[in-house]
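Colleague: This is what each chain is made of:
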Amino acid sequence: MKVLVFDVWGEFGHFRKHYTTTSPLTYSIPPRTAIAGMIGAIEGFGKDEYLQYFSKENANIAVKISCPIKKTRIAENLIDTKIAPMMSRIKTRTQIRFEVLKDVKYRIYFSHSSEEVYNKLYSMLKEHKSVYTLCLGLSEHIANYEFIGEMEAVSELLDSEREIHSVVPEKELIKISFEEGKEYFSETIPIEMLPNREVTEYGKILFEKNAKCILANVNNLWRLENGEGIIFM
Amino acid sequence: MTEVNRRSEIVFLYDIKDGNPNGDPLDDNKPRIDEETGINLVTDVRFKRTIRDHLYKFRGKEIFVREISDENGSIQDAKMRARDFLTIEEPLDSFETGKNNINENLLNDCIDVRLFGGTVPLELKLKKGKDTGSITHTGPVQFKIGRSMHKVFIKHFRGTGAFASKEGASQKTFREEDFLPYSLISFYGIINENAAKDTKLSEEDIDLLLDGMWNGTKNLISRSKVGQVPRLLFKVNYKEGNYHIGDLNNLFSLKSDLIDEEIRDISQIRIEVQRLVEVLGKSKDKIENAQLCMDGSIVFTYGGEEIDFEKSLMEAGINTEILSM
Chain A
1 MKVLVFDVWG
11 EFGHFRKHYT
21 TTSPLTYSIP
31 PRTAIAGMIG
41 AIEGFGKDEY
51 LQYFSKENAN
61 IAVKISCPIK
71 KTRIAENLID
81 TKIAPMMSRI
91 KTRTQIRFEV
101 LKDVKYRIYF
111 SHSSEEVYNK
121 LYSMLKEHKS
131 VYTLCLGLSE
141 HIANYEFIGE
151 MEAVSELLDS
161 EREIHSVVPE
171 KELIKISFEE
181 GKEYFSETIP
191 IEMLPNREVT
201 EYGKILFEKN
211 AKCILANVNN
221 LWRLENGEGI
231 IFM
Chain B
1 MTEVNRRSEI
11 VFLYDIKDGN
21 PNGDPLDDNK
31 PRIDEETGIN
41 LVTDVRFKRT
51 IRDHLYKFRG
61 KEIFVREISD
71 ENGSIQDAKM
81 RARDFLTIEE
91 PLDSFETGKN
101 NINENLLNDC
111 IDVRLFGGTV
121 PLELKLKKGK
131 DTGSITHTGP
141 VQFKIGRSMH
151 KVFIKHFRGT
161 GAFASKEGAS
171 QKTFREEDFL
181 PYSLISFYGI
191 INENAAKDTK
201 LSEEDIDLLL
211 DGMWNGTKNL
221 ISRSKVGQVP
231 RLLFKVNYKE
241 GNYHIGDLNN
251 LFSLKSDLID
261 EEIRDISQIR
271 IEVQRLVEVL
281 GKSKDKIENA
291 QLCMDGSIVF
301 TYGGEEIDFE
311 KSLMEAGINT
321 EILSM
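Note that the protein sequences, when read in sequence, are chains A and B.
Quick note on my numbering: the first sequence kicks off at 1 and runs consecutively.
Quick note on my numbering: the second sequence kicks off at 1 and runs consecutively.
Please note that the accuracy of each hint is not assured.
Said to hold, decoys possible - Once the Cα atoms are required to be at most 25 angstroms apart in a straight line, the calculated PhoX-like pairs of lysine-lysine come out as: (1) 130(B) - 129(A); (2) 197(B) - 120(A); (3) 286(B) - 126(A); (4) 282(B) - 126(A); (5) 91(A) - 57(B); (6) 129(A) - 99(B); (7) 129(A) - 57(B); (8) 30(B) - 102(A); (9) 105(A) - 91(A); (10) 56(A) - 102(A); (11) 282(B) - 61(B); (12) 82(A) - 130(B); (13) 47(A) - 99(B); (14) 61(B) - 47(A); (15) 225(B) - 47(A); (16) 120(A) - 70(A).
Stated by the list, open to error - Stretch-level coverage of chain B by chain A, calculated; a stretch enters the list once three of its residues show a Cβ under 8 angstroms from a Cβ in chain A: (17) 54-66; (18) 141-153.
Stated by the list, open to error - Only some residues are given here: those of chain A computed to face chain B with a beta carbon under 7 angstroms: (19) 89; (20) 92; (21) 94; (22) 138; (23) 139.
These are computed hints drawn from the structure, not numbers from a lab.
For glycine and all other residues, C-beta sits at the position ideal for the given N, C-alpha and C.
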């Protein structure tokens, strides 16, 4: 299978956990749905339509943490929309503390059943182009990216422990070897969303916080020509 | 009106002396500091507020997101509903008709929606009952959070306030505050030509945006921001569609003989642009031109040698245009 590989980064990022409203917390990694949005922005799919191109059936998406996960908080004075006429004429403000990711970098792996969607992304990545401004969750967290290349991915047998570089969906996990000096975390993230933004699947994702690989027995592992082992979400 | 049909990247440098460029509302209004690095942060919303206020107060432009300042002037504002942008009579045949009408008026009237986008909740009376919905626009112009190009020092002041803390008290209250003796802040933004179509952004709007960035920063005469001076506005316009280099702000680096926290004036620093000029030079075929406005106080260097920034851009094959503000 051919896989497109590219790195995205930015100074800050915020991928809001769906159950946090006035104290917005962020996931440690971009959920699959957010990565679909980024690819949509590069290819130029509109806000209302991009999700229809990235169902799990058609799109394979994996992500690797490339810089240690760091979080901080930024307090902002937002408009108190409860009493602001038209949500824009400001009478009072309300202070909201945003949890944000800092010094963010991820590697994204992508393949698609439609040649058109795949080739469009390939040609945009090759020329360092994007139709809309790429961001990490919120528009002010502008991101930049670099194309790493198109790589051949080979399915790897699940006979023994393997090194995995991407985040690991828990449902693919058979057995994990916890190693000293690594910090393991898991988060439940949205995996699939309908174009009306109704999330149809959440999944538990396991990751190593300092951008180190994980040693485990898993299903559906793919090995890239650069040696990276990835599992699609 | 000229449609915006090219991508641009913007870098804007301004400095502040003995002031607070952006207080943290949940930390005693202290200047925002990234504690890990000692870098001063200024939110994009603070910067957009500066631009909006300038366009509203000094350029007489209608803006959508604004403060209701005084009781008298606010009567109209306080009653205002999204419906007030409706120029056809209710009840309406369909929700879409009303939404489209409001959307058109909103984009025609409000420059900040054309620049930065916005969300408007709608509740419209229809011939059959009523319906709710919203209008959402993603701004073609986006700014990152601004950051100082050096570590900053925070000065804590104590003073005597002008007033007593409560009625009947004979002594004046004490007050405390935190200032930055100096911070040179860099903002980075992108103008996206595709999103510009959605909000009908024009080149005239962009001229006003740049005016708001430069003169709004300079004219923001409040106690904590009076020391703000715009130093450099740098805008790269691309002719290649859907292309921009990205992260241009990181290609300017600050050099000084002093340690970061001791910098107190623009004359004590130099801005190194070698990497910037090299990167731009490599992509010169994709660049239409670079527009710049300088206040004349920044010393630019190329590999350590003092240079004329505009000249070195031209030597790298970049057409330049000097903006007057």
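Colleague: Now tell me, hint by hint, if it's right for this structure.
Modeller: Against the structure, the hints:
With a C-alpha separation of about 44 angstroms, the suggested pairing of residue 130(B) with residue 129(A) is violated against the 25 angstroms cut-off. For the hint pairing residue 197(B) with residue 120(A), the CA-to-CA distance comes to about 22 angstroms; that is within 25 angstroms, so the pair holds. Under the criterion of a C-alpha separation no larger than 25 angstroms, the hint pairing residue 286(B) with residue 126(A) is consistent with the structure, at around 15 angstroms. Simply put, residue 282(B) and residue 126(A) have alpha-carbon atoms about 16 angstroms apart, close enough for the 25 angstroms limit, and the pair holds.
The suggested pairing of residue 91(A) with residue 57(B) holds, with an alpha-carbon distance near 18 angstroms, which does not exceed 25 angstroms. For the hint pairing residue 129(A) with residue 99(B), the CA-to-CA distance comes to about 33 angstroms; that exceeds 25 angstroms, so the pair is violated. Between residue 129(A) and residue 57(B), the direct Cα distance comes to roughly 38 angstroms. Violation of the 25 angstroms bound is thereby established for this hinted pair. For the hint pairing residue 30(B) with residue 102(A), the CA-to-CA distance comes to about 21 angstroms; that is within 25 angstroms, so the pair holds.
Distance restraint check for residue 105(A) and residue 91(A): the Cα-Cα separation of roughly 38 angstroms exceeds the 25 angstroms cut-off, and the hinted pair is therefore not satisfied. Our distance criterion of 25 angstroms between C-alpha atoms is broken by residue 56(A) and residue 102(A), whose separation comes to about 29 angstroms. Distance check on the hinted pair: residue 282(B) and residue 61(B) sit about 39 angstroms apart at the alpha-carbon level, beyond 25 angstroms; violated. Taking the CA atoms of residue 82(A) and residue 130(B), the gap is near 21 angstroms; set against the 25 angstroms cutoff, the hint holds.
Simply put, residue 47(A) and residue 99(B) have alpha-carbon atoms about 18 angstroms apart, close enough for the 25 angstroms limit, and the pair holds. Taken as a hint, the residue 61(B) and residue 47(A) pair is broken in the structure, with Cα atoms around 29 angstroms apart against an allowance of 25 angstroms. For a cut-off of 25 angstroms, the pair hint linking residue 225(B) to residue 47(A) is broken: about 38 angstroms separates their Cα positions. A C-alpha spacing of about 33 angstroms is found between residue 120(A) and residue 70(A), which places the hinted pair above 25 angstroms, so the restraint is violated.
With 3 residues carrying a beta carbon less than 8 angstroms from a beta carbon of chain A, the stretch 54-66 of chain B meets the three-residue requirement, and the given coverage holds. Only residues whose C-beta sits within less than 8 angstroms of a C-beta in chain A count toward coverage, and the stretch 141-153 of chain B has 5 of them, enough to reach three; the restraint holds. With a cut of 7 angstroms, the hint placing residue 89(A) at the interface with chain B holds, because the nearest CB-to-CB distance is about 5 angstroms. Restraint check, residue 92(A) versus chain B: the minimum CB separation of about 10 angstroms is more than 7 angstroms; hint violated.
Using the Cβ-Cβ criterion of 7 angstroms, the hint placing residue 94(A) at the interface with chain B is not satisfied: the shortest such distance is roughly 9 angstroms. The beta carbon of residue 138(A) comes no nearer than 10 angstroms to any beta carbon in chain B, farther than 7 angstroms, and the hint placing it at the interface is violated. Contact between residue 139(A) and chain B, as hinted, is supported at the beta carbon level, the nearest pair being about 5 angstroms apart and thus within 7 angstroms.
Of the numbered hints given earlier, the model fails hints 1, 6, 7, 9, 10, 11, 14, 15, 16, 20, 21, 22; all others are met.
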